[in-house]
Amino acid sequence: MGPRGVVVVGAGQGGLDTAAALRGRGYTGRITLVGDEPVVPYQRPPLSKGFLTGAMTAGELELRPRSFFAAHDIELVSGNRAAKIDREGRTVLLESGTSLPYDRLVLATGARPRTLPVPGAAALSGVLTLRGLADAERLRERLTGPPRRLVVVGAGFIGLELAATARKLGHEVTVVEAQARALARALTPVMSARLVAEHLDAGVRVLLSREVTALWGDSSGRVEVVELDGGERVPADLVVVGVGVLPNTELAAAAGLQVGDGVIVDAHLRTDDPDIHALGDCARFPSPHAGRHVRLESVQNASGQAACVAAAICGEPVAYTAVPWFWSEQYALRLQIAGLTAGHDETVVVGDPDGGRFSVFCFREGRLTGVESVNRPADHGIARRLLATGSDLAPDEVRRPGFDLKTHVHTPRERLSHA
Amino acid sequence: MAKITYKHPSGTVTIVDVEAPNTVMRGAKLNNIEGIEAQCGGSAQCGTCHVYIDEANELPLPAMDSVEDDVLYGTACDRTERSRLSCQLPVSDELDGLVVHLPEAQS
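Top line first, the protein sequences correspond to chains C and P. For the first sequence, this note's numbering gives the first residue as 331, with consecutive numbering after it. For the second sequence, this note's numbering gives the first residue as 105, with consecutive numbering after it.
Each hint should be verified, as a subset may be incorrect.
[What the hints assert, rightly or not] Facing chain P, from chain C, some residues (calculated, C-beta under 7 Å):
(1) Q373
(2) F398
(3) V629
(4) S633
(5) A708
Just so you know, these hints were derived from the structure itself, not from any lab. Just so you know, these numbers come straight off a predicted model, no measurement behind them. All C-beta atoms in this analysis are idealised placements derived from N, C-alpha and C, irrespective of residue type, glycine included.
Next up, chain C with everything else stripped away, as it sits in the complex (with noise of 0.2 Å):
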């Protein structure tokens, strides 16, 4: 490793991760951590939940002290976004003008909403997403006072968690999806049959298998209808975009780098540039657990691999195998995900989904391939446990009446002594 150090572009939980686990392995060249946003990296999860209600300040939702990138010689520079990658020369030139030369670049450069693409979307006001502090900062304050129609537009986690808030606030909430059913690609029909239920209990309207074609707006250009195929108008004072994301791939695919729906790495999270790693919402790596390559947005996903290329920098490359693991929380619902349960044949339900605790056993031929749960953490924690070893749990076991995943938790793997 030479003298230009680490460049990580992209100051979110991934970028974040990967300066902080360098010097936990000792790396002592210098790391300079590069963020668009103008603040310190915080976390994202709360930003559809708790900070919206007000149980969490913008303070407390900072992944770090101030104090922790002054501690361990990381420099933060924020409210400035990269704009170009000089391979050749591996410098880094900044927008504001700043170059910055580089031995290892890494890209955690995130991604960002989809926009609607129907008349009226662009042009008004009160039409928003949610993706970063600003966003939720801006919804907070019209999700705060007297109670508004809300139309969310997605009934993805974000829109899913965002209209039960609104609930929670007492704002009048319908949900609109495309697709036949909620969260169709990451849940399966059970499980999304069972959130809808709880947000119909809520109040909330929720428009399965309906598209919005239109969003108007009052003479001030604040929106005040969404207009539905069919022709029917659902009245509005707020609409919140939750379409899913495109990942940040400009930068990279403007060096030259292989990108398709995420920057392409291999199992160590390289580019197709070994001087370049890219992880994150932005990066399609070969999962083992997908047998194919995927792009993740999780938390997990990003802290794993924020690791794994630590790794990699410092001499010591292993390949990225992490269990996924995903979570949500809508009202007294606790939501967990192990593993990815895209693809499975076959599902066995243990506990009763009406009663508030339940997991959903996904399986593809015979062999277990993720778990979601409702309010039954230790199936989650599990669940985990086995994906990461290789699991033989057949889905005859999981059927057997009285069964109970504790009783399979794996002798101890070690003990903390405490001499």
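For chain C, the structure is supplied; the task is to place chain P on it using the hints.
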């Protein structure tokens, strides 16, 4: 305010003052103590803020609820009878002098 001691598997010992109502997890983050990940930010979802309470502890810890108990089944290092999620341990004067041991791995 309470003095909390974090003991690393490497033998490193860090003693810091943590102010109420921060949790033992947040106390580690605020003081740049490594070895606690807390990927879920402290909502008892992930089990990556696992600690072992010191054997000699006599301080009154808050009771463990069923969620915490369940999450501890999934920690990277096996649970023992001294395992807790540090995000579920709010600091108070009563916890002054608490000693926790960090596991070898959190994820």
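Each hint, compared with the structure:
The closest approach between the C-beta of Q373 (chain C) and any C-beta of chain P is roughly 5 Å, which is under the 7 Å cut-off, so the hint is satisfied. Among the interface hints, the one on F398 (chain C) holds; its C-beta lies about 5 Å from the nearest C-beta in chain P, closer than the 7 Å criterion. Because the smallest distance between the Cβ of V629 (chain C) and any Cβ of chain P comes to about 5 Å, under 7 Å, the interface hint for this residue holds. Interface restraint check for S633 (chain C): the shortest CB-CB distance to chain P comes to about 6 Å, inside 7 Å, so the restraint holds.
The criterion of a C-beta within 7 Å of any C-beta in chain P is met by A708 (chain C), whose closest approach is roughly 4 Å, and the hint holds.
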